[in-house]
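Number of protein chains: 2
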Amino acid sequence: MENIIEEARLDKSTFTFLESGNMEKLNQTKNRSAVLTSAELAAVVSIEAELLKGARQYFDAHGFTEVIVPHITRITGSCENIDTLFGLDYFGEEAYLVQTGQLYLEALIPSLGNVFCIGPSFRAEPAADARHLAEFSLVEFEFPGGFDELLVHIENTVHSMIQRAVHYRKHELQFLGVDVNSLRKISLPFRRVTYAEAIGLLNENGVSVEWGDDLKSSHEALIVQDGIPTFITHYPEEIKFFNMKRNENNPKVVNSSDLILPNSGEAVGSAEREWNHEILREKLLKSEMYKKLKARGKDIRDFEWYLDLIRENPVQHSGCGIGLNRITQFVLGTKDIRATTAYPLNSESLL
Amino acid sequence: MENIIEEARLDKSTFTFLESGNMEKLNQTKNRSAVLTSAELAAVVSIEAELLKGARQYFDAHGFTEVIVPHITRITGSCENIDTLFGLDYFGEEAYLVQTGQLYLEALIPSLGNVFCIGPSFRAEPAADARHLAEFSLVEFEFPGGFDELLVHIENTVHSMIQRAVHYRKHELQFLGVDVNSLRKISLPFRRVTYAEAIGLLNENGVSVEWGDDLKSSHEALIVQDGIPTFITHYPEEIKFFNMKRNENNPKVVNSSDLILPNSGEAVGSAEREWNHEILREKLLKSEMYKKLKARGKDIRDFEWYLDLIRENPVQHSGCGIGLNRITQFVLGTKDIRATTAYPLNSESLL
Chain D
282 MENIIEEARL DKSTFTFLES GNMEKLNQTK NRSAVLTSAE LAAVVSIEAE LLKGARQYFD
342 AHGFTEVIVP HITRITGSCE NIDTLFGLDY FGEEAYLVQT GQLYLEALIP SLGNVFCIGP
402 SFRAEPAADA RHLAEFSLVE FEFPGGFDEL LVHIENTVHS MIQRAVHYRK HELQFLGVDV
462 NSLRKISLPF RRVTYAEAIG LLNENGVSVE WGDDLKSSHE ALIVQDGIPT FITHYPEEIK
522 FFNMKRNENN PKVVNSSDLI LPNSGEAVGS AEREWNHEIL REKLLKSEMY KKLKARGKDI
582 RDFEWYLDLI RENPVQHSGC GIGLNRITQF VLGTKDIRAT TAYPLNSESL L
Chain H
282 MENIIEEARL DKSTFTFLES GNMEKLNQTK NRSAVLTSAE LAAVVSIEAE LLKGARQYFD
342 AHGFTEVIVP HITRITGSCE NIDTLFGLDY FGEEAYLVQT GQLYLEALIP SLGNVFCIGP
402 SFRAEPAADA RHLAEFSLVE FEFPGGFDEL LVHIENTVHS MIQRAVHYRK HELQFLGVDV
462 NSLRKISLPF RRVTYAEAIG LLNENGVSVE WGDDLKSSHE ALIVQDGIPT FITHYPEEIK
522 FFNMKRNENN PKVVNSSDLI LPNSGEAVGS AEREWNHEIL REKLLKSEMY KKLKARGKDI
582 RDFEWYLDLI RENPVQHSGC GIGLNRITQF VLGTKDIRAT TAYPLNSESL L
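Just so you know, the sequences run in chain order D and H. In this text, residue positions in the first sequence follow the numbering used here: the first is 282, and each later residue adds one. In this text, residue positions in the second sequence follow the numbering used here: the first is 282, and each later residue adds one.
One chain only, chain D, in its complex shape (with noise of 0.2 Å):
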């Protein structure tokens, strides 16, 4: 029975016998299943479970325990970006698909340490094209611990990905015309830029962004235009999310920092979250989330349960949520989306 086994086993040489794919082919999402068994999608699902076993095995050497977070819940669960909910009738209850497992994974720190979970992130995002997708895959970890740590976390996990591909599908890479060797040369630490400093970049090129101002893809994408990634640290605390920790020697940013890559932009957010509860709920009371969350008559009942738990653990804790697809996109060399994974789904791809 063994051999039977082997026999049905995938032979990763296929792809050193084969000419050169078409990833182009990748970016259609009107009649998907015709690019289904085609090599090049075979050879980018491949890439794209190497990638997450390179994710998995940092977390399995850094002691990370998996946690399986809900995909259907209340507002804590779907309050990254409010504009673009999937709502759902839930028994009679208004529901919505999950954005971010964030909240779900920091209330197990005080019980477990360091946690992740993997798993599909939903924005109703209408357009069908090289940008957007309604449902991806999102790698979030968790951790006690500060700023410093975290961006070290971060760089090594993308790292990890990114060479375990390199390592195990080079002849994948090669068939979709990477330049395998780029990749492998992609060192540690990356670059650390501060947003002010990006705003002062962005001038002297010309850009005219203020301070205060969120930073557009084109803004990210001349910030990495020498191909280097950049975390971008150090955002106003205006434009990020409710939860980041205020700055202690500049209030008016938050301990936050975006992941910025070639081709893909922004592949990963993060910050050192808020763990002083009076803090917290007074910076969750004026974000501007919670003002759009009153426009739709709803309150702060559905945040207690987060609440109550930073007040009776405060503990100091950091985290961030790695966009699968991005990384892909980077790895891939691609500007469009559409051409990282076997089922990408917009508004014209439902299967």
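Bear in mind the hints are in silico, worked out from the structure with no lab data behind them. Watch out, some of these pointers could steer you wrong.
Because identical chains share one entry, a pair is satisfied inside a single copy or across any pair of copies.
As the list claims (entries may be wrong) - Here are the simulated DMTMM-like cross-link-like pairs (lysine to aspartate or glutamate), alpha carbons at most 25 Å apart as the crow flies:
| id | residue 1 | residue 2 |
| --- | --- | --- |
| 1 | K564 | E585 |
| 2 | K334 | E375 |
| 3 | K564 | E519 |
| 4 | K311 | D583 |
Let chain D serve as the given structure and place chain H on it in line with the hints.
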């Protein structure tokens, strides 16, 4: 920095020093946040994570590639139990939360060989009790091969999961009162009885059940009352999923197999899949599921992409869905599925 990360690592020996825990408190779903930071919940989450690692370890060793399947689908992702669909408005289209990634995995077998996915599966089951969850974790794999090999893959995967938990989470299991030695002694192969034999066994035990009836959980409990994991194979075609392959010697039954475990009941559903396009189409059209779909105003069009792929790539293949929470139930020795995960979702637990 490496030291800082080291210190943040979860101290796995914590559970060695604790008195025995009370798993029953984890049955509560009405006020879940009250138990989120308990040592019992931490132990269960650690065990659940280890079970997942055991499955992945087997998949890695046997050439299975992980695939990200969609979680918002048309009917091909939600035809497992169309009486319990979660519907939602998808940019003006009627869509559903996924129940099974099976057909999306099957579509990739021609190019990728062995494939698997792990993720949420949804059922709009309104009950808040010991046996139902509205969302649960499903481990699914498909491969190019037949029925005998299927059963070997399943029992090896389940065995790998259990032994991994026994090996790495002994303290957590003991803390929860689990007899680790009896888990360690579970041996391969698992027992195999046919559906017809199971009916006979039940009749001998005074249970009134006839050939053609579906087995209830009380029937399954009787079959495994001696504690031995048991495959029940070759069910009548009428009561099983439309694409299960008819048995060559007895066309009234299909090459299906349900794995029954003590405490949890049916933990795995599996079958060799029909890969003759004409027979597959005929089986779909006469299935109970399709009749219900027609009554809802649907027709065969939603299945055409899948039927086309099978016609263009006729490959013998088989696969299964492993209910993670059912495996955890068995390992923990609990009759309550709510105790198997951090965030069990039912009609009273939305968070």
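Hints and how they fare:
{"no.": "1", "hint": "K564 with E585", "verdict": "within (14 Å within a copy, 51 Å between copies)"}
{"no.": "2", "hint": "K334 with E375", "verdict": "neither (36 Å within a copy, 34 Å between copies)"}
{"no.": "3", "hint": "K564 with E519", "verdict": "within (10 Å within a copy, 58 Å between copies)"}
{"no.": "4", "hint": "K311 with D583", "verdict": "between (38 Å within a copy, 14 Å between copies)"}
Hint compliance for this structure: hint 2 is the single one not met.
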